[in-house]
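So the sequences go chain by chain: S and A.
Be aware that the first sequence starts at 9, since it is given in the working numbering, and climbs by one per residue.
Be aware that the second sequence starts at 9, since it is given in the working numbering, and climbs by one per residue.
These are computed hints drawn from the structure, not numbers from a lab.
For glycine and all other residues, C-beta sits at the position ideal for the given N, C-alpha and C.
Everything hinted at is true.
Cβ-Cβ distance ranges computed for the label pairs, FRET-style:
| id | chain 1 | residue 1 | chain 2 | residue 2 | range |
| --- | --- | --- | --- | --- | --- |
| 1 | S | Arg447 | A | Ala30 | 48 to 56 Å |
| 2 | A | Asp57 | S | Glu250 | 36 to 44 Å |
| 3 | S | Ala30 | A | Met458 | 39 to 47 Å |
| 4 | A | Thr413 | S | Ala110 | 30 to 38 Å |
| 5 | A | Val133 | S | Arg375 | 29 to 37 Å |
There are 2 protein chains.
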Amino acid sequence: MNAFLQRLVGAVGRAAVVTAPADMAPHLQDWRGRYRGAALAVVRPASTDEVAAVVRICAEEGVPIVPQGGNTGLCGGATPLADGRSVVVSLSRMNRIRSVDADNAALCVEAGCTLAEVQAAASAVGRFFPLSLASEGSCQIGGNLSTNAGGVQVLRYGNARDLALGLEVVLPDGRVWDGLRALRKDNTGYDLKHLFIGAEGTLGIITAAVLKLFPAPDQSRIAWAAVPDAAAAVALLGRLREDCGDRITAFEIIGREALELVLRHIPGARPPLPDSGPWAVLIEAADRLRGGALEDAFDGALADAVAAGVARDVVVAGTLAQARALWSLRDNISEAQRIEGISIKHDISVPVSRIPAFLEQADAALRAVWPDVRIVAFGHIGDGNLHYNLSKSAAQDNPEFIASTPRVNAIVHDLVVRLGGSISAEHGLGQLKRDEIRRYKSAVELDMMMAVKRAFDPRGLMNPGKVIGFDKD
Amino acid sequence: MNAFLQRLVGAVGRAAVVTAPADMAPHLQDWRGRYRGAALAVVRPASTDEVAAVVRICAEEGVPIVPQGGNTGLCGGATPLADGRSVVVSLSRMNRIRSVDADNAALCVEAGCTLAEVQAAASAVGRFFPLSLASEGSCQIGGNLSTNAGGVQVLRYGNARDLALGLEVVLPDGRVWDGLRALRKDNTGYDLKHLFIGAEGTLGIITAAVLKLFPAPDQSRIAWAAVPDAAAAVALLGRLREDCGDRITAFEIIGREALELVLRHIPGARPPLPDSGPWAVLIEAADRLRGGALEDAFDGALADAVAAGVARDVVVAGTLAQARALWSLRDNISEAQRIEGISIKHDISVPVSRIPAFLEQADAALRAVWPDVRIVAFGHIGDGNLHYNLSKSAAQDNPEFIASTPRVNAIVHDLVVRLGGSISAEHGLGQLKRDEIRRYKSAVELDMMMAVKRAFDPRGLMNPGKVIGFDKD
Chain S
9 MNAFLQRLVG AVGRAAVVTA PADMAPHLQD WRGRYRGAAL AVVRPASTDE VAAVVRICAE
69 EGVPIVPQGG NTGLCGGATP LADGRSVVVS LSRMNRIRSV DADNAALCVE AGCTLAEVQA
129 AASAVGRFFP LSLASEGSCQ IGGNLSTNAG GVQVLRYGNA RDLALGLEVV LPDGRVWDGL
189 RALRKDNTGY DLKHLFIGAE GTLGIITAAV LKLFPAPDQS RIAWAAVPDA AAAVALLGRL
249 REDCGDRITA FEIIGREALE LVLRHIPGAR PPLPDSGPWA VLIEAADRLR GGALEDAFDG
309 ALADAVAAGV ARDVVVAGTL AQARALWSLR DNISEAQRIE GISIKHDISV PVSRIPAFLE
369 QADAALRAVW PDVRIVAFGH IGDGNLHYNL SKSAAQDNPE FIASTPRVNA IVHDLVVRLG
429 GSISAEHGLG QLKRDEIRRY KSAVELDMMM AVKRAFDPRG LMNPGKVIGF DKD
Chain A
9 MNAFLQRLVG AVGRAAVVTA PADMAPHLQD WRGRYRGAAL AVVRPASTDE VAAVVRICAE
69 EGVPIVPQGG NTGLCGGATP LADGRSVVVS LSRMNRIRSV DADNAALCVE AGCTLAEVQA
129 AASAVGRFFP LSLASEGSCQ IGGNLSTNAG GVQVLRYGNA RDLALGLEVV LPDGRVWDGL
189 RALRKDNTGY DLKHLFIGAE GTLGIITAAV LKLFPAPDQS RIAWAAVPDA AAAVALLGRL
249 REDCGDRITA FEIIGREALE LVLRHIPGAR PPLPDSGPWA VLIEAADRLR GGALEDAFDG
309 ALADAVAAGV ARDVVVAGTL AQARALWSLR DNISEAQRIE GISIKHDISV PVSRIPAFLE
369 QADAALRAVW PDVRIVAFGH IGDGNLHYNL SKSAAQDNPE FIASTPRVNA IVHDLVVRLG
429 GSISAEHGLG QLKRDEIRRY KSAVELDMMM AVKRAFDPRG LMNPGKVIGF DKD
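Here chain S stands alone, though its shape is the one from the complex (with noise of 0.2 Å):
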């Protein structure tokens, strides 16, 4: 063992500097097996005191660090480089959840709880947390707030960065910012902790977090509801907050080749209207109310907007066992798709009123390519965000069209950036879109953006190689 790693065992202890190459491994690549890295050591700080002494070293030995939380991440933010150089720091073991105030409305938890054990500390004194991904077993609040992860209920109450009132950071130098306020009103400057939130860790490693608390809801109604196009869909959303108001938590579009997929691969999935049409829309409504009125307005609405033909059929889950299936459906589209084979993913957003458009034309432009693609089209309209991913259905000719996606991404992002979108809707850079923002930012920003990066970590150790890059300038 090298000095560098006895000075890290001095920090932390013999057992959290792991190096043997069994015990690093599921932390040198993502979960789903695209990035693979190397790295001098992965440690495992308890406190952060503990964090603030590892970055110290690694400052001090000029040594890059890579934040790691759940590795649950989809754009590789969180595997180290090839190279070798850097040090893994997981989160993992700073799991406290600090404290809960009831009456505030906010809990301080530290950045390795998983968001699952953040949602239930907040059950426990009858509060919600409502940020929910599908890996809220594994993820850890850390990294959500260090992707500004999105999910199933933006719609109404945000994503990651809007539900942060504070944060701890250990800072590139090893100073720690304690920002741990639990404040709803704090006008004293500037509001740092927005620096942190959505940095992939490049300018510090967030180590504990404050965060809003909602009431919880008692009652809720799920639909599935077939619309005869897109254009529809945001009608519908539009007349289902004419009638209810900002209760909508949840609106998911599910094309035709998306819900396909579920039904061929997922034991049990079945079809929840004899026909749904090329769109479906999954609609929560969620409320809290005495003697609320959620069930006749919400019912109401879809009622309406099927005479109305905005929704060709419709079917609101009469039982929670009806309600998993329809969330069910939706959840499982991911996996339907490992299980068919590879393809080309986005993760976009655009104005949701532009949804309809970019669907057509990303269709168009694309079949005027490739003919015969594959449309797996799907996510969460609602906020404007579409995941929409791209195959050939015959096996042996997809390898062909994967390896065309350059110029793929090149169609699809220049007309999500046309309408005035966002190529990493909730995913993040990582390294996977490094290069690629690059294309789509303005010069003004990319300066920005590099200002931001020299203030805090002008030596680049924090996770280098990612977001967008920092070292291009």
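We have chain S already, so just place chain A on it with the hints.
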């Protein structure tokens, strides 16, 4: 007219460069007359390009810039310093609504639109822009964003910061950052807009913004409740959230002294209850739900609170006129105070759960020194934000008391910070708290703010002497 002013005239036209003392005067002091400054000129650009041209000229000539919106701030943030070296850039001619997108629930407005104009543009398409302040007829949205304005709807909708989707900013070197995204989800690197929101013009000039809209409430209930103490007020908020979820949009506390000042000085003001006791709360609930049951849930929750002793007595407004009368009691507190005479004001926040402790401990600490101090306490208790204002009732004693402002501030602010609070909840720092804040921010946080300032405005030309000063490093 000197060469510098000639250059400005070349950029924006003669009429837009104001140098006559009488025309400049309203721009050189704040509306309360607390701060008075001097300037080389007041420039009134009409477009982003003109703002950029002005900033470029000032950068080349090394002339500091003071951005100014409606000039309704309370901390002197928009008033130039007395040295007369700077140029005031008024955004008031940039007052176009650039676009409204009802389906995307967003609109794009220029910085000089008044808050009331923004609200009206949202209403015109059946949507709701929730930011609401006493000065909404004259304050401008650029100033609201630059100071991260709060107000009475924060409990439900958040501060100005939470309502912005995108910004356009002229940077200190005159370049324009087009960050006018109308997206609910965009995870492509650092969220730069949050740097400018709340920065009080020290990092650049906000020239336009994309703002979030909401479904417009179609029903509301307003109530006035007398509560035995501040702890009961917090408990009442908890009960209301249990029964009505987060449709409680305002929850304002009014101390006995505050109510008495309004009843004494404001013509037509009447006591809402025979005896409001030491503390009253003004509560607003709002909703949009067809066939909505807001009334039953809200009134039922209040009746139960009275039965449980959490509230002593309650009146619910039965007509719009009654609702307005209740709100006007709250809205006129500042005016009633102004009529009564000068006081030492505080705009503080603590976690909601610590409001009772703050009131009790601050009261005790102040009365220990000044047994006859008059405490006028009121504000947005639902956000943990109190306006806590102190004076002596006897007019002849008051000047002496006012002279002890530093000692009073130290008692109040030390306690606030000990309770995890903020010494400026919603008004910002400006000139008023520029020095005070340096006593309370950690060295790490001051360093971080300096690093951001240096990264964006290395020559310190943007609104010098505001926020933390920035020249004292």
